Amino acid sequence: MTDFTSLGVKAIRDGVAGGDFTAREVAESFNAAVAGAAELNAFIVTTPEHALAAADAADAARADGKAMGPMAGVPIGMKDLFATQGTQTTAASHILEGFTPEYESTVSQNLWNAGAGMLGKLNLDQFAMGSSNETSHFGNVSSPWRKEGTNSAMSPGGSSGGSSTAVAARIAPAATGTDTGGSIRQPAAFTGICGIKPTYGRCSRWGVVAFASSLDQAGPMARSVEDCAIMLGAMAGFDAKDATSLQMDVPDWEGALSSDLKGKKVGIPKEYRMDGTDEAILASWEQGKAWLKDAGAEIVDISLPHTKYALPAYYIIAPAEASSNLARYDGVRYGLRDLPEGAGLQDMYAETRAAGFGDEVKRRILIGTYVLSAGFYDAYYTQAQKVRALVARDFEQAWVDCDLILAPTTPTASFPLGSLTDDPLTMYLNDVFAVPASLAGLPAMSVPAGLNPDGLPLGLQIVGKPFDEQTVLDAGLAIEQRAGFTNAPEKWW
Amino acid sequence: MSVDKQTVAKIASLARIKMGDDELEQMVPELNAILDWVEQLGEVDVTGIEPMSAVIPNALRLRDDVVDADPKTGGGKRDAVLANAPAAEHGFFGVPKVIE
Chain W
97 MTDFTSLGVK
107 AIRDGVAGGD
117 FTAREVAESF
127 NAAVAGAAEL
137 NAFIVTTPEH
147 ALAAADAADA
157 ARADGKAMGP
167 MAGVPIGMKD
177 LFATQGTQTT
187 AASHILEGFT
197 PEYESTVSQN
207 LWNAGAGMLG
217 KLNLDQFAMG
227 SSNETSHFGN
237 VSSPWRKEGT
247 NSAMSPGGSS
257 GGSSTAVAAR
267 IAPAATGTDT
277 GGSIRQPAAF
287 TGICGIKPTY
297 GRCSRWGVVA
307 FASSLDQAGP
317 MARSVEDCAI
327 MLGAMAGFDA
337 KDATSLQMDV
347 PDWEGALSSD
357 LKGKKVGIPK
367 EYRMDGTDEA
377 ILASWEQGKA
387 WLKDAGAEIV
397 DISLPHTKYA
407 LPAYYIIAPA
417 EASSNLARYD
427 GVRYGLRDLP
437 EGAGLQDMYA
447 ETRAAGFGDE
457 VKRRILIGTY
467 VLSAGFYDAY
477 YTQAQKVRAL
487 VARDFEQAWV
497 DCDLILAPTT
507 PTASFPLGSL
517 TDDPLTMYLN
527 DVFAVPASLA
537 GLPAMSVPAG
547 LNPDGLPLGL
557 QIVGKPFDEQ
567 TVLDAGLAIE
577 QRAGFTNAPE
587 KWW
Chain P
18 MSVDKQTVAK
28 IASLARIKMG
38 DDELEQMVPE
48 LNAILDWVEQ
58 LGEVDVTGIE
68 PMSAVIPNAL
78 RLRDDVVDAD
88 PKTGGGKRDA
98 VLANAPAAEH
108 GFFGVPKVIE
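Chains as they are written, first to last, in our numbering: chain W, 97 to 589; chain P, 18 to 117.
Among these hints, one or two may not hold up.
With a Cα cut of at most 25 Å, we get these calculated BS3-like pairs of lysine-lysine [claimed, not checked]:
| hint | chain 1 | residue 1 | chain 2 | residue 2 |
| --- | --- | --- | --- | --- |
| 1 | P | LYS94 | W | LYS337 |
| 2 | W | LYS458 | P | LYS22 |
| 3 | P | LYS35 | P | LYS22 |
| 4 | W | LYS561 | W | LYS361 |
| 5 | W | LYS458 | P | LYS35 |
| 6 | P | LYS114 | P | LYS35 |
| 7 | P | LYS89 | W | LYS337 |
| 8 | P | LYS27 | W | LYS458 |
| 9 | W | LYS404 | W | LYS361 |
| 10 | W | LYS358 | W | LYS561 |
| 11 | W | LYS404 | W | LYS385 |
If you want a taste of the chain W side facing chain P, the calculated C-beta under 10 Å gives, among others [what the hints assert, rightly or not]:
| hint | residue |
| --- | --- |
| 12 | GLY297 |
| 13 | ARG449 |
| 14 | PHE453 |
| 15 | ALA475 |
It should be emphasised that the hints constitute simulated quantities derived from the structure, not laboratory data.
As the structure is a computational prediction, the values presented were derived from the model and not from experiment.
Don't be surprised by glycine CBs; every beta carbon is placed ideally from N, CA and C.
Turn these sequences into a full structure, and let the hints steer you where they fit.
This is how it looks when you write it as structure tokens:
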């Protein structure tokens with residue numbers, strides 16, 4: 097059997113459409129790779145039959161001379177936050193274990209309509225709350241990468257850690273992710289792949305397990321910028337079932353992709369030069385500037401004065417929304433029910449939620465409940481919302497002087513699993529560079545820049561104006577072409 | 018501001034999460050570390066700033082006032098709605114007795 101697992105989205109789609117190989121061969125190849133990578137724990141459930149059925153449909157469409165979708169014949173991984181009809185959907189929580197949706201999320205349906213198939217449901221931090229993939233009820237995900245000369249298991253980032261691991265390990269050509277405060281970009285950076293969070297509202301939230309609704313946004317994770325452009329085009333689009341869905345046409349991002357940045361100004365925010373940022377990260381940032389300059393862009397210094405306050409504002413707003421969203425898990429309508437002998441309704445709620453939620457989820461629900469409670473609402477929640485307005489205004493003012501912003505994706509490279517679990521605050525700092533764009537709803541992408549001295553991947557982040565995913569992708573392509581990042585983790589699983 | 022064990026117990030009760038003494042004890046310093054850290058937001062001058070709840074300018078849409086405008090979210094789906102219920106009975110969600 098030929099091994100197709102080194103191929104990405106575009107190569108598979110074009111190869112299937114051109115008759116170089118069949119979609120079935122590709123699906124079989126990836127199904128086998130998934131089955132052989134159980135040690136990574138990237139998948140919660142696998143669905144080889146779904147991938148094969150979509151492949152057979154793509155092969156049949158080609159044989160009949162029918163139109164092929166933009167993802168026809170491409171088997172992908174689906175983050176287990178998207179409701180998939182007939183396939184367990186858990187958000188990596190015990191409270192949803194066994195939940196089998198009667199409906200399909202809009203984003204996953206869009207992907208199936210585009211011809212993609214599903215390899216399985218990918219592991220994640222529980223309810224997408226985490227930056228290391230250590231809060232899942234179904235166990236930690238291991239990054240396929242290891243520090244040079246060591247054997248310790250490294251974090252694939254989070255919350256889309258199953259997605260990042262699957263794509264980096266070549267057991268899926270691409271995967272869906274969701275990003276509330278960095279959950280696509282940080283794992284992409286940790287594993288040497290690309291990932292883009294589009295403008296808030298581009299991808300429908302309908303059928304996506306809710307974390308913080310004013311921030312949640314889906315996006316693609318893949319090994320090339322072009323693959324991200326193709327997959328984002330398939331995922332995005334107006335959906336009347338999501339009140340915050342953008343009523344706008346989806347541009348042809350793939351067709352318009354160009355690494356020529358002549359006439360574009362790239363802003364370098366001085367506040368992102370923080371104490372304690374890794375030397376290798378700062379060096380990659382300098383390198384990124386040189387690459388974008390080489391692509392024709394002009395580099396300008398900018399200021400985003402409220403950067404420092406973005407993360408603490410996020411850790412009020414996101415838990416507040418989560419405490420409200422997660423009130424629905426009550427043991428009545430779906431998921432777990434824990435009803436001790438003789439217990440009443442209130443006891444059932446409290447027992448069910450105690451047994452069903454993990455520690456980090458409980459911590460965030462409690463924080464959220466506290467900051468929304470009478471007497472503290474204005475001091476915490478309203479203040480955080482005002483700071484959020486200032487963070488967004490910083491970006492609006494920056495767009496007077498530049499077209500996009502270049503920054504590191506994370507303050508450090510990946511870390512060993514278990515090394516930060518006792519210290520929630522240090523863990524939260526992983527997202528210090530990612531959260532500002534989330535609070536402002538802006539499109540933002542991470543692309544691989546290179547390896548640090550330990551042999552671990554580093555990412556560069558590009559942030560764009562609202563609705564301008566194109567310039568973000570174009571700059572990503574310019575970096576990708578110059579970085580020439582082709583490194584893959586050595587297979588140990 | 019900081020929380021003590023009694024306050025955490027009160028929040029946990031509001032959030033309907035049962036917590037034992039050990040869990041409450043453990044949660045107190047963790048929550049306080051987070052609350053101490055977010056305290057820095059108080060430094061920011063927010064005079065005249067409106068709190069932001071929606072980030073991308075977007076108007077709420079109205080749909081036609083018709084029954085089952087979208088078949089996926091319309092009515093007539095009792096069995097599908099109950100399919101994942103831990104205790105569905107006679108076409109309803111079953112819960113423990115609430116009236117003595």
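Hints and how they fare:
The hinted pair formed by LYS94(P) and LYS337(W) meets the criterion: a straight-line CA distance of about 17 Å does not exceed 25 Å. A C-alpha spacing of about 15 Å is found between LYS458(W) and LYS22(P), which places the hinted pair at or below 25 Å, so the restraint holds. Between the alpha carbons of LYS35(P) and LYS22(P) the distance comes to roughly 14 Å, so the proposed pair stays at or under 25 Å and holds. Under the criterion of a C-alpha separation no larger than 25 Å, the hint pairing LYS561(W) with LYS361(W) is consistent with the structure, at around 12 Å.
Distance hint between LYS458(W) and LYS35(P) is fulfilled; the C-alpha atoms sit about 10 Å from each other, no more than 25 Å. Of the pairs offered as hints, the one joining LYS114(P) and LYS35(P) holds, with about 20 Å between alpha carbons and a cut-off of 25 Å not exceeded. With a C-alpha separation of about 9 Å, the suggested pair LYS89(P) and LYS337(W) falls inside the 25 Å cut-off, and the hint holds. Of the supplied pair hints, the one linking LYS27(P) and LYS458(W) holds, its CA atoms being roughly 14 Å apart against a limit of 25 Å.
For the given pair, LYS404(W) sits about 24 Å from LYS361(W) by alpha-carbon distance, which is consistent with the 25 Å threshold. At most 25 Å may separate the alpha-carbon atoms for a hinted pair to count; LYS358(W) and LYS561(W) meet this at roughly 17 Å. Restraint check for LYS404(W) and LYS385(W): the C-alpha separation of about 23 Å stays at or below 25 Å, so the hint holds. Against a cut-off of 10 Å between C-beta atoms, the interface hint on GLY297(W) holds, since the closest Cβ of chain P lies about 5 Å away.
Given the 10 Å rule on beta carbons, the hint for ARG449(W) holds: about 5 Å separates it from the nearest Cβ of chain P. Checking PHE453(W) against chain P: minimum C-beta separation of about 7 Å stays under 10 Å; hint holds. The beta carbon of ALA475(W) comes within 7 Å of a beta carbon in chain P, closer than 10 Å, and the hint placing it at the interface holds.
Checked against the numbered hints given earlier, the structure satisfies every one of them.
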